[in-house]
Amino acid sequence: MAEVLVLIDHVAGQVKKPTYELLTLAAKLGEPSAVYIGAADGAAGAAEAVKGYGAEKVYVIDDAQIKGYLVAPRAEALAQLAGSASPAAILLPSSAENKEVAARLAIKLDSGLITDAVDLDDSGVATQSVFAGNFTVKGKVTKGTPIITVKPNSAAPVEKAGAAAVTPFEVTISDAAKTAQIVASQPRKASGRPELTEAAIVVSGGRGTGGDFSAVEGLADALGAAVGASRAAVDSGWMPHTFQVGQTGKTVSPQLYVANGISGAIQHRAGMQTSKTIVAVNKDEEAPIFELVDFGVVGDLHTVLPAVTEAVKAAKG
Amino acid sequence: MNIVVLVKYVPDATADRQFEDDFTVDRVNVDGLLSELDEYAVEQSLQIKEKREGEEITVTALTVGPEAAEAAVRKALQMGADKGVHVVDDAIAGSDSIATSLVLAKAIEKIGAETKVDLVVGGLASTDAGMSVVPAMLAERLGLPQVTLAAVVETQGDQVRIKRDGDVATEVIGGTLPLVLSVTDQSGEARYPSFKGIMAAKKKPLESWSLGDLGVEAAQVGLGAAYTEVLETAARPPRTAGEIVTDEDGSGAKALADFLASKKFI
Ligand SMILES: Cc1cc2nc3c(=O)[nH]c(=O)nc-3n(C[C@H](O)[C@H](O)[C@H](O)COP(=O)(O)OP(=O)(O)OC[C@H]3O[C@@H](n4cnc5c(N)ncnc54)[C@H](O)[C@@H]3O)c2cc1C
Ligand SMILES: Nc1ncnc2c1ncn2[C@@H]1O[C@H](COP(=O)(O)O)[C@@H](O)[C@H]1O
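In order, the protein sequence lines correspond to chains A and B. Reminder that position 74 of the first sequence reads as 73 in numbering that gives the first Met the number 0, one-by-one numbering, no gaps. Reminder that position 184 of the second sequence reads as 183 in numbering that gives the first Met the number 0, one-by-one numbering, no gaps.
Among the hints, erroneous ones may be present.
Computed cross-link-like contacts, DSBU-like style, restricted to lysine-lysine with a CA-CA straight-line distance of at most 30 Å [said to hold, decoys possible]:
{"no.": "1", "chain 1": "A", "residue 1": "Lys275", "chain 2": "A", "residue 2": "Lys139"}
{"no.": "2", "chain 1": "B", "residue 1": "Lys50", "chain 2": "A", "residue 2": "Lys15"}
{"no.": "3", "chain 1": "A", "residue 1": "Lys282", "chain 2": "B", "residue 2": "Lys263"}
Examples of chain A residues lying across from chain B (beta carbon under 7 Å, computed) [stated by the list, open to error]:
{"no.": "4", "residue": "Gly111"}
{"no.": "5", "residue": "Ser184"}
{"no.": "6", "residue": "Ala231"}
{"no.": "7", "residue": "Ser235"}
Anything over 10 Å on all C-beta distances counts as not near chain B; from chain A, calculated [what the hints assert, rightly or not]:
{"no.": "8", "residue": "Ala43"}
{"no.": "9", "residue": "Ala84"}
{"no.": "10", "residue": "Ala154"}
{"no.": "11", "residue": "Gly210"}
{"no.": "12", "residue": "Trp237"}
Simulated from the structure, these hints should not be mistaken for laboratory data. Quantities reported herein were computed from a predicted structural model and do not represent experimental measurements. Think of the CB as a built atom: it goes at the ideal place given N, C-alpha and C, for glycine as much as any other residue.
Using the sequences and the accompanying hints, generate a full structural model.
Shown next, in the form of structure tokens:
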């Protein structure tokens with residue numbers, strides 16, 4: 000069976016959940032091989048983690064020559080690996096950076112590219128959600144090695160023992176790939192809450208919070224949820240841009256999305272419309288967000304949310 | 000300095016967007032316009048020109064698209080770009096990002112044949128296909144550094160520095176011209192064309208090029224040459240109307256908590 004390369008999503012060797020989802024999808028297409036690009040000392044831990052999700056091989060690419068630069072060296076490294084492994088497909092977790100890596104890889108390998116897949120079947124047909132979540136599209140790559148970026152929450156990870164044979168892979172990075180340098184990097188502070196794009200529940204706030212996110216955060220913490228924000232809240236400086244949900248922020252597809260003081264503009268919908276259950280609290284009964292909801296409360300978020308938070312805490316004991 | 004700004008003509012996101020029978024995006028029956036995310040690219044290009052006072056700087060707006068796509072270039076000219084180039088050819092219809100980036104790369108080379116192109120500026124994503132891949136593909140094809148998804152842009156001499164909200168960190172990225180830059184909607188509000196700008200745009204040069212002008216074969220582009228095939232499209236089933244309650248003295252919170260419990264979220 001041909002190999003399917005899966006790029007491991009990790010921070011300092013700590014493997015993130017989307018990796019397991021991709022390994023699960025990869026097993027439908029062939030034999031999953033995980034690809035670790037990172038510091039050599041994090042490789043063993045990463046290999047151990049992916050072993051439980053069916054990775055037969057773990058290619059280890061030392062990022063000493065890669066980490067100081069943006070995108071291009073990663074694409075070069077993966078192109079070299081693809082040249083030697085001749086994979087049936089290459090799967091990458093959908094992130095801004097990985098989509099660009101995939102883009103360059105597609106040109107290098109003269110191969111087709113599908114971005115932001117939300118599902119993948121055993122014949123390689125990918126499902127995407129387009130036009131602000133108003134349409135779903137099924138498609139497949141017809142030329143070269145399919146390169147597919149997959150969004151978080153696209154599959155339920157299936158535990159399965161794999162050999163996880165660690166296979167170091169040497170890459171040669173050209174000078175031409177080292178032209179966009181990372182001059183400074185400020186790692187994001189861990190919030191202690193789940194990652195926005197991976198969370199099962201997202202509680203968001205908009206302009207209607209008036210800048211006070213405590214009620215939103217309180218409910219999020221009671222539910223074990225991630226916190227999101229509308230662009231209005233971000234533009235007002237109340238929340239960092241990385242919390243923004245929507246067309247120009249993150250797309251989320253959690254089990255439950257709770258929109259508070261958010262009107263439901265098309266650009267916001269684009270980022271949350273595919274959530275399984277949608278709830279809104281808004282004091283304007285005419286707010287367009289109510290067209291989307293499974294359950295809505297017309298009311299002031301500053302009084303409704305704290306009371307719901309108390310009820311959640313009481314129920315959880 | 001020679002700046003090329005990439006502008007895409009897209010169906011209006013607030014209109015009822017549809018697909019054609021061959022699953023390509025309907026670009027005829029839905030009103031189109033300059034992708035609002037590319038307005039930010041035009042804005043940053045103009046700001047670079049304005050900040051580098053005294054230098055001779057030309058901003059050329061480039062689009063690849065159907066007849067109507069000329070409107071995207073016109074808008075960029077009204078905002079303040081100096082020249083426009085519209086690559087239009089029936090064979091291009093249905094092109095995927097791989098073919099689009101090929102045509103854009105050839106057009107940039109042609110623009111650069113007279114005066115070298117120093118900076119290619121694109122948007123965060125096209126609002127129709129929205130892959131966020133074309134600038135990276137162009138950098139790969141043109142062999143240029145990519146400094147992409149900028150929230151803040153600064154240039155000095157031949158140096159470009161941007162701030163980028165990366166996936167796990169906020170990063171400052173630096174590169175040396177010539178390079179490919181792309182900007183996000185965080186980079187600063189785009190200006191509206193002024194009345195003077197609209198009048199001036201009428202006299203600005205706008206060239207229309209075919210594939211033949213670029214030395215690209217019809218067989219290299221279009222739906223037939225696509226590297227991916229769409230098998231089906233389906234409108235998302237409308238959401239069934241949910242229950243909406245009005246809060247009175249805490250009743251809303253109780254009802255919401257009950258709803259969450261009934262769905263097993265608590
Ligand atoms: C190019 C572009 C990209 C964009 N990308 C995004 C994006 O990615 N994400 C995004 O979200 N937006 C995006 N937008 C902006 C979008 O169009 C809207 O402006 C934005 O979503 C509005 O945010 P909001 O709902 O918080 O604010 P508003 O539209 O002002 O709505 C606030 C809501 O709060 C309610 N409210 C007020 N007080 C209370 C209270 N005490 N209790 C309960 N409810 C209250 C009001 O009734 C109102 O419905 C984009 C726009 C453009 C042009
Ligand atoms: N047909 C096109 N003509 C001009 N620019 C384009 C075209 N397609 C994409 N671009 C540019 O590339 C950016 C990213 O597009 P995409 O990869 O399609 O999301 C856009 O914001 C534009 O700046």
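Verification of the supplied hints:
With a C-alpha separation of about 25 Å, the suggested pair Lys275(A) and Lys139(A) falls inside the 30 Å cut-off, and the hint holds. With a CA separation close to 43 Å, the supplied pair Lys50(B) and Lys15(A) exceeds the 30 Å bound. Of the supplied pair hints, the one linking Lys282(A) and Lys263(B) holds, its CA atoms being roughly 26 Å apart against a limit of 30 Å. A hinted interface residue such as Gly111(A) counts as satisfied when its beta carbon comes closer than 7 Å to some beta carbon of chain B; here the least separation is about 3 Å, so the hint holds.
Hint status for Ser184(A) relative to chain B: holds, with the closest Cβ pair at about 5 Å, below 7 Å. With 7 Å as the threshold, the beta carbon of Ala231(A) stays out of range of chain B, its nearest partner Cβ sitting at about 13 Å, so the hint is violated. Among the interface hints, the one on Ser235(A) is violated; its C-beta lies about 13 Å from the nearest C-beta in chain B, farther than the 7 Å criterion. Consistency note on Ala43(A): stated as away from chain B, and its beta-carbon is indeed over 10 Å from all of that chain's, at 21 Å minimum.
Even its closest Cβ contact with chain B, about 20 Å, leaves Ala84(A) beyond 10 Å, as expected for a residue assigned away from the interface. With a minimum CB-CB distance of about 20 Å to chain B, Ala154(A) clears the 10 Å threshold, and the non-interface call stands. With a cut of 10 Å on Cβ distances, Gly210(A) stays outside the contact zone with chain B, its closest approach being about 19 Å. Residue placement check: Trp237(A) keeps its beta carbon more than 10 Å from all beta carbons of chain B (closest about 15 Å).
Checked against the numbered hints given earlier, this structure breaks hints 2, 6, 7; the rest are met.
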